[in-house]
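Chain B is already provided as a structure; the job is to place chain Z on it using the hints.
So the protein sequences, as listed, match chains B and Z. Residue 68 in our numbering sits at position 68 of the first sequence, and the numbers go up by one each step. Residue 369 in our numbering sits at position 369 of the second sequence, and the numbers go up by one each step.
Misleading hints may appear alongside valid ones.
Said to hold, decoys possible - With a straight-line Cα cutoff of 25 Å, these simulated SDA-like cross-link-like pairs (lysine to any residue) come out:
1) Z/LYS489 to B/LEU44
2) B/LYS2 to Z/LYS384
3) B/LYS2 to Z/ILE385
4) B/LYS2 to B/ILE70
5) Z/LYS181 to B/PHE240
6) B/LYS48 to Z/SER492
7) B/LYS90 to B/LEU40
8) Z/LYS546 to B/SER46
9) B/LYS147 to Z/GLU369
10) B/LYS208 to Z/PHE187
11) Z/LYS185 to B/THR118
12) Z/LYS181 to B/THR244
13) B/LYS147 to Z/GLU365
14) B/LYS92 to Z/VAL273
15) B/LYS147 to Z/ASN123
16) Z/LYS85 to B/ASN141
17) B/LYS147 to Z/LEU143
18) Z/LYS556 to B/ARG9
19) B/LYS43 to Z/GLU505
20) B/LYS92 to Z/GLU388
21) Z/LYS16 to B/PRO138
22) B/LYS20 to Z/ASP548
23) B/LYS147 to Z/TYR139
24) Z/LYS384 to B/GLY94
25) Z/LYS546 to B/ARG21
26) B/LYS16 to Z/ASP548
27) B/LYS92 to Z/GLN278
28) B/LYS92 to Z/GLU350
29) B/LYS90 to Z/GLY275
Said to hold, decoys possible - Chain B is faced by these chain Z residues, among others (derived, beta-carbon under 7 Å):
30) ARG71
31) PRO134
32) ARG177
33) SER279
34) LEU550
Treat the hints as calculated values from the structure; they're not laboratory data. For glycine and all other residues, C-beta sits at the position ideal for the given N, C-alpha and C.
The chain contents come next:
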Amino acid sequence: MKITLHIWRQDSPQAKGVFKRYQLDNVSTHMSFLEMLDVLNEKLVSQKEEPVVFEHDCREGICGCCGLMINGQAHGPDHETTACQLHMRKFKEGDHIWIEPWRAGAFPVLRDLMVDRTALDRIMQAGGFVSVNTGNAPEANANAISKRNADDSFDAATCIGCGACVASCKNASAMLFVSAKVSQFALLPQGQPERNARVENMIAQMDKEGFGGCTNTNECEAACPAGISVDNIARLNREFIAATLSSKD
Amino acid sequence: MTVLQSKVPDGPIADKWTQHKNNLKLVSPNNKRKYNVIVVGTGLAGAAAAASLGEMGYNVKAFCYQDSARRAHSIAAQGGINAAKNYPNDGDSVWRLFYDTVKGGDFRSREANVYRLAEVSNNIIDQCVAQGVPFAREYGGLLANRTFGGAQVSRTFYARGQTGQQLLLGAYSALMRQVNKGKVKVFPRREMLDLVNVDGVARGIITRNMVTGELEKHAADAVLVCTGGYGNVYFLSTNAMGCNVTAAWRCHKRGAFFANPCFTQIHPTCIPVSGDYQSKLTLMSESLRNDGRVWVPKNKDDKRSPDQIPDEDRDYYLERRYPAFGNMVPRDVASRAAKERCDAEFGVGETGMAVYLDFKRAIQEQGREAIEAKYGNLFHMYQKITDENPYKSPMRIYPAVHYTMGGLWVDYNLESTVPGLFVLGEANFSDHGANRLGASALMQGLADGYFVAPYTVGNHLAKTKPGEIGTDHDAFNSVEQEVKSRIDKLLSIQGNRSVDSFHRELGQIMWDKCGMARNAQGLGEAIEEIKSLRWSYWEDVNVTGKGDQLNQELEKAGRVADFLEYGELMCRDALKREESCGGHFREEHQTAENEAKRDDDHFCHVSAWEYHGDDKEPTRHQEELVFDNVELTTRSYK
Chain B
1 MKITLHIWRQ DSPQAKGVFK RYQLDNVSTH MSFLEMLDVL NEKLVSQKEE PVVFEHDCRE
61 GICGCCGLMI NGQAHGPDHE TTACQLHMRK FKEGDHIWIE PWRAGAFPVL RDLMVDRTAL
121 DRIMQAGGFV SVNTGNAPEA NANAISKRNA DDSFDAATCI GCGACVASCK NASAMLFVSA
181 KVSQFALLPQ GQPERNARVE NMIAQMDKEG FGGCTNTNEC EAACPAGISV DNIARLNREF
241 IAATLSSKD
Chain Z
1 MTVLQSKVPD GPIADKWTQH KNNLKLVSPN NKRKYNVIVV GTGLAGAAAA ASLGEMGYNV
61 KAFCYQDSAR RAHSIAAQGG INAAKNYPND GDSVWRLFYD TVKGGDFRSR EANVYRLAEV
121 SNNIIDQCVA QGVPFAREYG GLLANRTFGG AQVSRTFYAR GQTGQQLLLG AYSALMRQVN
181 KGKVKVFPRR EMLDLVNVDG VARGIITRNM VTGELEKHAA DAVLVCTGGY GNVYFLSTNA
241 MGCNVTAAWR CHKRGAFFAN PCFTQIHPTC IPVSGDYQSK LTLMSESLRN DGRVWVPKNK
301 DDKRSPDQIP DEDRDYYLER RYPAFGNMVP RDVASRAAKE RCDAEFGVGE TGMAVYLDFK
361 RAIQEQGREA IEAKYGNLFH MYQKITDENP YKSPMRIYPA VHYTMGGLWV DYNLESTVPG
421 LFVLGEANFS DHGANRLGAS ALMQGLADGY FVAPYTVGNH LAKTKPGEIG TDHDAFNSVE
481 QEVKSRIDKL LSIQGNRSVD SFHRELGQIM WDKCGMARNA QGLGEAIEEI KSLRWSYWED
541 VNVTGKGDQL NQELEKAGRV ADFLEYGELM CRDALKREES CGGHFREEHQ TAENEAKRDD
601 DHFCHVSAWE YHGDDKEPTR HQEELVFDNV ELTTRSYK
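One chain only, chain B, in its complex shape:
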């Protein structure tokens, strides 16, 4: 099929970006979205033009590298699907497809469609861990964990850290990301000793990075390729209030 692409091109973080238009004539419906971009890039290289920079690695939907706004939707039109797992069969002959990088103050554009998401790492550094040194662990089955809590914790833990929640939120809030990690640990006995400090520190770092607040529009949940539920945000709020109330400072 034939498609027309409008792709955000920006040479460097400082440079001004523009949409550029590209035409592709032989797009197979079996291609993944990123393979379609590979084909475009191969064509650009053959014309001695610079290919479009985009982030990608595993192409299996798990590493969280790829992140594209496709026609205004984070990761494109397919529900619970990363851009790399999106296939061209979701588009049709003659379509115009607009491709942009994640847009958020905390995610500066590095080049074209690639952004800097290290703010998410810094939130993790603030408290997204259980403080246990290698070699200190008790026997794995020493603590029984109810299957329900284990399953809920797992559901939260599947966050791939892609940043689609931030990109899709009108406030560029990272609440879904933070709530996923806070929930994973709040539901497990291992997470209890640092439960209060964790939520306080992660929220403080989130604010410091310039992410916005949550106004419950739930766009993040709709965009999340890992299906992280906004129930986690409710839990995050509860955890935060409880931590603030019990805080000694």
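Quick look at chain Z alone, frame taken from chain B:
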């Protein structure tokens, strides 16, 4: 006489590691903070090692090419991680895990290393649970297990089909904690482009900042390379797009021997190739073979849709050929069996290069819900890619390059032939012999990172004066200059072919002639073809853009240049190994039933290649493998 000293300690195998740890030198707590350690790669091995060394008090610099340490390709591992906990009470033990792994590796791994791996496997599970890794649990709240290929016990711990992700996030969180404490500094979007040795000892690395294009010099008292495998030499593999051999290959060219480069694992259950634009192959976890049955039609002209073909017209060829293990035979055996059926024209699908993996009986017996709970995300992924519903019609699968057992040669301390250079995880060769069993890559990465390197690296540091060599040493400048001229050369060619087109061509040569089946003639041809492809690469490649900016074409160009050298070494190794073992199948060496025929009299050794220069033949060294504890038998899964 060999130059290779494995440094395996004496004594009974069960006591070796304990005894060895007692003999290793220690660095006192006050002195640890004076030492700098470089860790390249932040997958399971790298993240675990960097976090553990930071916890101990060393100053660690961790490097990765991704934008975050959390994205290393360990994250894509699906099935699980083995440990000898024996929770199911089915007779498992450290000894059995050790034995299965040695046997699974077709007796081409180092016995003492494998025993240590099995020994620390239980600590890994304890450690990960303590970190909050959400493993699957039973209703009673205790940990669940499942079965994997090559074993007759259930010893695999798992987190749905995302075990690698959860284990990596555990290691990553430990790493982030050390960053917060100031003990580890992470350098994301950095690619290691060379190793710097001073007087033959590893003293640092040269990296390229992938955002600015700047070359950077980093000095340390020890360098740990944890950069994964070389599967992408085939272009199409289950590896992430960025996985590459560059770090390991650069170390090789600086003196580290490369061991068993021809040992490559072709995983039996992957989604088949569908078009020439295809960029990578997707694995469907081996765990699926617990409930899925592999078959092709009995009649090669049977063009009915699979659900219309009754049981009596199906050939469940694994169950037929290997009644004892059935669908759970090890990967190399399952892959070759699929190839055999497809080569005999029984293959299915548009290209005929696929077999069915069928869940019909499992769904009938256990219900769709139970199957969904176990494999939901895998079924979902399959449907996304193929647009077919595996709950209704069987999956179509075909083998694909997945894992590489070969790697830089290391001794029992995981130290390479370059003192001070340690190699962990998939990047080394030590534990899996000629074939890796399922759920043991995660085990090895974490064993090396959490429980082996923290001891053995300390032993090296205790003998080293801290901070003796800095980046102002001449060696750093001269290596940096070499790296720079190589980049300049790539950018200056301005030829007519894209980097990818060369990579695809190399991949095709490797797949055809150094893939699932190899023979002397094909390997000889491949060596010549790769040489000439490499020659035209340096004449005709077109690398767009500049060096002092974010340039993905340049990144790929450097990696492909190294693959073009590395592929030749793989073929040389495959040619010299005149036997079939594990994933290395030489057509000249097979039994009457087309099974691999090992030659223990002549090849019960590790091959380790020494580099002498681009225009010189490499030397093949041998480390003889001694099996004091297991009897070398013909591997049978019948």
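Cross-check of the supplied hints:
Straight-line distance between C-alpha atoms of Z/LYS489 and B/LEU44 comes to about 21 Å, which keeps the hinted pair within the 25 Å bound. Of the pairs offered as hints, the one joining B/LYS2 and Z/LYS384 holds, with about 22 Å between alpha carbons and a cut-off of 25 Å not exceeded. For the given pair, B/LYS2 sits about 21 Å from Z/ILE385 by alpha-carbon distance, which is consistent with the 25 Å threshold. For the proposed pair B/LYS2 and B/ILE70, the alpha carbon gap of about 17 Å is at most 25 Å, so the pair holds.
Simply put, Z/LYS181 and B/PHE240 have alpha-carbon atoms about 23 Å apart, close enough for the 25 Å limit, and the pair holds. As the CA atoms of B/LYS48 and Z/SER492 are separated by approximately 13 Å, the hinted pair is consistent with the 25 Å bound. Simply put, B/LYS90 and B/LEU40 have alpha-carbon atoms about 18 Å apart, close enough for the 25 Å limit, and the pair holds. Using a Cα cut-off of 25 Å, the hinted pair Z/LYS546 and B/SER46 holds, with the two alpha carbons roughly 16 Å apart.
For the suggested pair B/LYS147 and Z/GLU369, the alpha carbons sit about 16 Å apart, so the restraint of at most 25 Å is met. Of the pairs offered as hints, the one joining B/LYS208 and Z/PHE187 holds, with about 21 Å between alpha carbons and a cut-off of 25 Å not exceeded. Using a Cα cut-off of 25 Å, the hinted pair Z/LYS185 and B/THR118 holds, with the two alpha carbons roughly 13 Å apart. Of the pairs offered as hints, the one joining Z/LYS181 and B/THR244 holds, with about 24 Å between alpha carbons and a cut-off of 25 Å not exceeded.
For a cut-off of 25 Å, the pair hint linking B/LYS147 to Z/GLU365 stands: about 23 Å separates their Cα positions. A C-alpha spacing of about 23 Å is found between B/LYS92 and Z/VAL273, which places the hinted pair at or below 25 Å, so the restraint holds. At most 25 Å may separate the alpha-carbon atoms for a hinted pair to count; B/LYS147 and Z/ASN123 meet this at roughly 23 Å. Our distance criterion of 25 Å between C-alpha atoms is met by Z/LYS85 and B/ASN141, whose separation comes to about 10 Å.
The straight-line distance between the Cα atoms of B/LYS147 and Z/LEU143 is roughly 10 Å, inside the 25 Å bound, and the hint therefore holds. For the given pair, Z/LYS556 sits about 20 Å from B/ARG9 by alpha-carbon distance, which is consistent with the 25 Å threshold. Between B/LYS43 and Z/GLU505, the direct Cα distance comes to roughly 18 Å. Compliance with the 25 Å bound is thereby established for this hinted pair. Among the hinted pairs, B/LYS92 with Z/GLU388 is consistent with the structure: their alpha-carbon atoms are about 19 Å apart, no more than 25 Å.
Taken as a hint, the Z/LYS16 and B/PRO138 pair is honoured in the structure, with Cα atoms around 24 Å apart against an allowance of 25 Å. Restraint check for B/LYS20 and Z/ASP548: the C-alpha separation of about 24 Å stays at or below 25 Å, so the hint holds. Distance restraint check for B/LYS147 and Z/TYR139: the Cα-Cα separation of roughly 5 Å lies within the 25 Å cut-off, and the hinted pair is therefore satisfied. With a CA separation close to 23 Å, the supplied pair Z/LYS384 and B/GLY94 stays within the 25 Å bound.
Taken as a hint, the Z/LYS546 and B/ARG21 pair is honoured in the structure, with Cα atoms around 23 Å apart against an allowance of 25 Å. Of the pairs offered as hints, the one joining B/LYS16 and Z/ASP548 holds, with about 19 Å between alpha carbons and a cut-off of 25 Å not exceeded. At roughly 20 Å between alpha-carbon atoms, B/LYS92 and Z/GLN278 fall within 25 Å of each other, so this suggested pair holds. With a CA separation close to 23 Å, the supplied pair B/LYS92 and Z/GLU350 stays within the 25 Å bound.
Simply put, B/LYS90 and Z/GLY275 have alpha-carbon atoms about 18 Å apart, close enough for the 25 Å limit, and the pair holds. The beta carbon of Z/ARG71 comes within 5 Å of a beta carbon in chain B, closer than 7 Å, and the hint placing it at the interface holds. With its C-beta approaching chain B no nearer than about 4 Å, Z/PRO134 sits inside the 7 Å limit, and its interface hint holds. Hint status for Z/ARG177 relative to chain B: holds, with the closest Cβ pair at about 4 Å, below 7 Å.
For Z/SER279, the interface hint holds, since its Cβ comes within 7 Å of a Cβ in chain B; the closest pair sits about 5 Å apart. For Z/LEU550, the suggested interface contact is upheld, since its CB lies about 4 Å from the closest CB of chain B, less than 7 Å.
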